[in-house]
Amino acid sequence: MAATRRSAGNASPLLGTKFHIPAMRAGQVRRSRLIERIDRGARGKLVLLSAPPGFGKTSLLAEWCAGIPASNLAWLSLDQADNHAVSFWKYVFGALSPARPGVSTCGAIELLEAPQPAPIESVLSLVINEIAADPADLWLVLDDFHVIEAEGVETGMAFLLDHLPPQLHVVLASRVDPPVPLARMRARGELTEIRAADLRLTTDEAETFLNEVMGLDLNHDDVQRLEDRTEGWAGALQLAALSLEGRDGASEFIRAFSGDDRYIVDYLVEEVLRRQPPAVREFLLKTSILERLSAPLCDAVTQAADGRRMLDALERGNLFVVPLDDRRRWFRYHQLFADVLQAQLSEQFEDEVATLHARASDWYAANREPDRAIRHALAAKDFERAAAVIEREAESVQRHHHPDRLIAWLKPIPDSLLRKMPVLSTYYGHALQGIGDMEGSASRIADAERILVESPGEALVYDEHSFAMLPALIAVGRGYLSMAARDAATTATHATTALALLAPDEHHWRGTAVALCGLAHWIEGDLAAAQQFHSEAVACFIRSGDTGLAITSSYHTAELLKARGLLESAKRRLEDTLDYVNAKGGASRGAANLLLGLSELCCEWNDLPGAAAHLESADRLGVFPPRTPFRRLLAEARLRQCEGDLERAVALLNEAEPLYIRGAVPDYRPLAAWRARLWAEQGRLAEALDWARLRAISADDELTYATEYEHITLARILLAQATPSSIASAEHLLERLAAAAEGGHRDGTGFEIGVLLARARLAAGDSGGALSRLEPVLRGAQPEGYARLFLDEGPALLGLIRLAADRGITPDYCELLLRQASGRPVPMPVRPRTADALSERELDVLRLLASELSGPEMAAELVVSLNTLRTHTKNVYSKLGVNSRRAALRRAAELGLL
Amino acid sequence: MERANHPSANHYQVRVRGHLESRWAKQFEGLALTLEPAGITLIEGSLEDQAALHSVLRRIRDLGLELVSVSRGPPSTNNAPAHHRHPTATGDFENDCSNQGS
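Top line first, the protein sequences correspond to chains C and S. Reminder that position 772 of the first sequence reads as 876 in this note's numbering, one-by-one numbering, no gaps. Reminder that position 97 of the second sequence reads as 88 in this note's numbering, one-by-one numbering, no gaps.
These are calculated hints, taken from the structure and not from any lab test. Please note that the accuracy of each hint is not assured.
[Claimed, not checked] DSBU-like mimics (lysine-lysine), calculated; alpha carbons at most 35 Å apart, straight line: (1) C:K688 - C:K978; (2) C:K485 - C:K688; (3) C:K485 - S:K17; (4) C:K983 - C:K122; (5) C:K688 - S:K17; (6) C:K515 - C:K978; (7) C:K122 - C:K149; (8) C:K122 - S:K17; (9) S:K17 - C:K983; (10) C:K515 - C:K485; (11) C:K515 - C:K983.
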């Protein structure tokens, strides 16, 4: 059986031992009447075993499971570490996956792990559907359910039980009645309960166990006395049996035991311990602090080398050591036994307890299990040790985008200690940004700065690598805080500082700082600079292996290229990134965004079937929160708009509206404004004007990049009103917008404004003036193949295009546009490549062509497939007007490209 | 421990069946164990809040001890047999005594 189980999603793999169905123990008493009850109940919704520890719940379940084929069972042993909604459900899904592989691939895990988590009902609905798809019975067995107290679980369990498909049955074992609607289920006959009273051994069963199974030779009175004293408590009877093995004078012992008032387990464990050789006794006591035991771990804690031998002996002697897997690598003590041992330990080895925990913590830290390392450190109240482990894991947790994990770890650590730890404070600050707590973040970052400035000698540092970068990390943290406050200048300052401080090979952090520069320029409207920074960020993230961040930065780069009027480059950027993602293999949650970007480009080129195909591809890849579902709806809205179905487009925007999540990136296409445009086109002018009024957008406003789209929207509404004064207003506004767009080099936006100005002139009856507005747009848009830019603007504009063609202004282009408008099928507009520059990718290929590498080697170097390489190479040849590698290199040299 | 001086702290008395040795006091941090007749152990002391109380109750559950009663009220007097009283190492016992005096 695999030691770990893969989990879709990006966190640590799941521990295989938790799925291991316990085997029946040698010498276990068979409880056939109880098995029959479970069999009957297992046909219904829920079987519940609710009884204190040591009553034999797990043993009974083990006995029952032995009679069920493994393919119908999903077993999960819960422990403290799972007491968190996300962990719990991930493990449940992990347990269900072998029998229902669809559970891992249906997207439920991604939804669960998203930074803005979906309601548990949505997540579970996906899983329930997967389970229902297969008619075979499936039993989900959850052992030790009492450790779960997290809120998200109770709601989820209630939902699951309410919507249980008939083939799924749940079995819970717990020390308390679980927070599940038991009364209701009892009333409906959906529940089978096995409680303490049911689990107590009867005198007959006790006799069978003691005499037949354990081979003791007790008379009936003695058995009765034991049964009375223990009240049939199986765990206690087992301990009693162990105390009696090979003992003379069993009756005396039993009489003394019966007459004693002591807590039974304590009494009996002490007896059992007394009969062990000192080495074994010491081993038991010292390892009792461990939740799970393995030979190497025990050796680390006891500082001896006999762990393997000890564990084997304990298992043979039935000393409450339970194997957790088939290979006898991991064990645990029965909880009751461990508790009593720990009490003894605290008495006999009081001074050593903290040391034992420290050794366990160190072992777990060295074996990359930070959760357990931290727990042991905290058990010894060794906060500094715990903080050290956390600090060493912090960068990794940060890069895997699990801020809540770091924050949960840090909760028990006293502030007084944190304030001496600049690295940990800084990562804490970053993590708090991840959950939206900007104030907390600023405070922690300030703490870090204070230590560095005021008392660097007192700083406690465990991650030297991060400490060396700390001023840069702090600058990045401060940069994101400024970004949240939309302060572009300060953001840029911090980002530049960070870049100056970071080493050239710190690709992840450089990428983050560069992306921050990009954002700072973006909110100011300097899109050319923004695009270059984001493009550079992509390169950094590819080098650091942060695929998700590379995708995000690529998507932003493409959006910026579009706004600059560089559609071809945008397309290449998106395609290159998709190639990279595909070559890397493995699922990438954000990849669908790239296809949505391509879909919108196809819309602009009026390639509507292409746009639809990209949407389908996006769906196949998977559309995951937090932002992609929103974008998916918008991409479809655009397609419907191009198809002329404005009603549907508006409906999609309405659907998308509640999904919007504000982020660091400026909202350059506010949904409400887009919808107002659609209303204006539909003639719903009153509603469109309402939007403008609510947003307080007027034609006299000072113009900023942040409100550019909205002001252009207003201009459209004014044009739609079609009164002389509204048209005049629109024109005046558009002139000002044109100047602003030109100043910011926002050529794509400039085209749109130009077209609208042409429409305004037309509306004023001035076709000559309109044509002079349109001409530069036609010339500028032609190389990029813009289509909807014109086709979306109504029949009057088409008439103007006819006029332009007649006047010899880009006649071929105009003909193509008119044919597209008439709906007659035409091949995709050929975008003439007049002295087209090579793209970044193509330049990369050209450089490799100059080397001695073969095709496959070049493809490997670029991290693309051979086919992709061939496509790039063909493009390079065609642009250079050549047919061979040698000729290409010669021409490139002539052009000074190399 | 600061707990005894916390303004919202209350004094609780929890009784379980089965006598607990003094070493168990560590598992019930800051609380005193008193052995009473009929095999009852009295676990008592000042607990900060309800959460702390539930923590104690959970411990009892996990030990499989039978919970007999929980009550809230002033500290029990010193009439209990002196040789059965198990003060904790943390000295809360002393605090309890001094609280009575003030």
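Do the hints match the structure? See the list:
{"no.": "1", "hint": "C:K688 - C:K978", "in the structure": "holds, 24 Å"}
{"no.": "2", "hint": "C:K485 - C:K688", "in the structure": "violated, 44 Å"}
{"no.": "3", "hint": "C:K485 - S:K17", "in the structure": "holds, 14 Å"}
{"no.": "4", "hint": "C:K983 - C:K122", "in the structure": "violated, 59 Å"}
{"no.": "5", "hint": "C:K688 - S:K17", "in the structure": "violated, 54 Å"}
{"no.": "6", "hint": "C:K515 - C:K978", "in the structure": "violated, 58 Å"}
{"no.": "7", "hint": "C:K122 - C:K149", "in the structure": "holds, 23 Å"}
{"no.": "8", "hint": "C:K122 - S:K17", "in the structure": "holds, 30 Å"}
{"no.": "9", "hint": "S:K17 - C:K983", "in the structure": "violated, 81 Å"}
{"no.": "10", "hint": "C:K515 - C:K485", "in the structure": "holds, 13 Å"}
{"no.": "11", "hint": "C:K515 - C:K983", "in the structure": "violated, 60 Å"}
In this structure, the earlier hints numbered 2, 4, 5, 6, 9 and 11 are contradicted, and the remaining ones agree with it.
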